[in-house]
Amino acid sequence: GNSVTQMEGPVTLSEEAFLTINCTYTATGYPSLFWYVQYPGEGLQLLLKATKADDKGSNKGFEATYRKETTSFHLEKGSVQVSDSAVYFCALSGMDSSYKLIFGSGTRLLVRP
Amino acid sequence: DSGVTQTPKHLITATGQRVTLRCSPRSGDLSVYWYQQSLDQGLQFLIQYYNGEERAKGNILERFSAQQFPDLHSELNLSSLELGDSALYFCASSKAGEQETQYFGPGTRLLVL
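Chains as they are written, first to last, in my numbering: chain F, 63 to 175; chain R, 7 to 119.
Hints were generated in silico from the structure; no laboratory data involved. Yeah, the Cβ is synthetic: ideal placement off N, Cα and C, and Gly gets one too. Hints are not guaranteed to be accurate.
[To be verified] Simulated crosslink set (EDC-like; lysine to aspartate or glutamate; CA at most 16 Å straight-line):
id: 1; chain 1: R; residue 1: Lys-63; chain 2: F; residue 2: Asp-158
id: 2; chain 1: F; residue 1: Lys-114; chain 2: R; residue 2: Glu-68
id: 3; chain 1: F; residue 1: Lys-111; chain 2: R; residue 2: Glu-104
id: 4; chain 1: R; residue 1: Lys-15; chain 2: F; residue 2: Glu-104
id: 5; chain 1: R; residue 1: Lys-101; chain 2: R; residue 2: Glu-59
[Unchecked claim] Beta-carbon label-pair distances, calculated as ranges:
id: 6; chain 1: F; residue 1: Lys-122; chain 2: R; residue 2: Gln-73; range: 35 to 43 Å
id: 7; chain 1: R; residue 1: Pro-76; chain 2: F; residue 2: Thr-132; range: 43 to 51 Å
id: 8; chain 1: F; residue 1: Leu-172; chain 2: R; residue 2: Asn-65; range: 29 to 37 Å
id: 9; chain 1: R; residue 1: Lys-101; chain 2: F; residue 2: Ser-141; range: 29 to 37 Å
id: 10; chain 1: R; residue 1: Glu-88; chain 2: F; residue 2: Asn-64; range: 27 to 35 Å
Okay, chain F solo, but in the shape it has when bound (with noise of 0.2 Å):
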């Protein structure tokens, strides 16, 4: 079936550091790609998507490129803030009418000062 897999946590960087959260997904046909991030004690924000190979989705200084050929989604920032510090959940939607999101386990990611 489809589904998608992350990295384990947790991820410990510095502030100012180079960030990848790698995901990977199984689907049949071309899903939509998402991550979600959730700050401690608060629900899941969209932080940016891709609907089609080789789109790449952005915000905040996040990015991410849809790579059908390795069917990734990895998630990449420059620069990490301590505020970065969040678990990062990558999703998939799309893959019938009901367009129900199918979730990676989430990676936590602490940004040390």
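On the provided structure of chain F, position chain R as indicated by the hints.
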């Protein structure tokens, strides 16, 4: 603030009891989704409504039910509660024509004692 509201924010109850969680979607959104976030299962899709009609079901227990009212708000009813039902329950909404892009509410944290 996503524009999706959920009440209550926290709920503590006992095994065997019944609770109702409420969700108001963003203005104009016709689709409402319910998700459960637990430590062992991660984020799982429960059920979707579109303009008052059930559209899709996921891993929703028979003890759980939902509905969407004419004003488009939705309620998730959980009955015969068990300890394992303790989780964070999210509602999300999306608009017609862009249903794969879902905006999440802050969630209801349910604790069953």
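We went through each hint and held it up to the structure:
A threshold of 16 Å between alpha carbons decides the hint, and for Lys-63 (chain R) with Asp-158 (chain F) the separation of about 12 Å falls inside it, so the pair holds. For the suggested pair Lys-114 (chain F) and Glu-68 (chain R), the alpha carbons sit about 36 Å apart, so the restraint of at most 16 Å is broken. Among the hinted pairs, Lys-111 (chain F) with Glu-104 (chain R) is consistent with the structure: their alpha-carbon atoms are about 12 Å apart, no more than 16 Å. As the CA atoms of Lys-15 (chain R) and Glu-104 (chain F) are separated by approximately 10 Å, the hinted pair is consistent with the 16 Å bound.
In summary, the hint linking Lys-101 (chain R) to Glu-59 (chain R) is supported, as the alpha carbons are separated by about 15 Å, within the 16 Å threshold. At roughly 36 Å, the beta-carbon separation of Lys-122 (chain F) and Gln-73 (chain R) lies within the given 35 to 43 Å, and the hint holds. Checked against the given bound of 43 to 51 Å, the beta carbons of Pro-76 (chain R) and Thr-132 (chain F), roughly 46 Å apart, stay inside it. Between Leu-172 (chain F) and Asn-65 (chain R) the CB atoms are about 30 Å apart, so this pair conforms to the stated range of 29 to 37 Å.
About 34 Å separates the C-beta atoms of Lys-101 (chain R) and Ser-141 (chain F), a value consistent with the hinted range of 29 to 37 Å. Evaluation of the 27 to 35 Å hint for Glu-88 (chain R) and Asn-64 (chain F) yields a pass: the beta carbon distance comes to about 28 Å.
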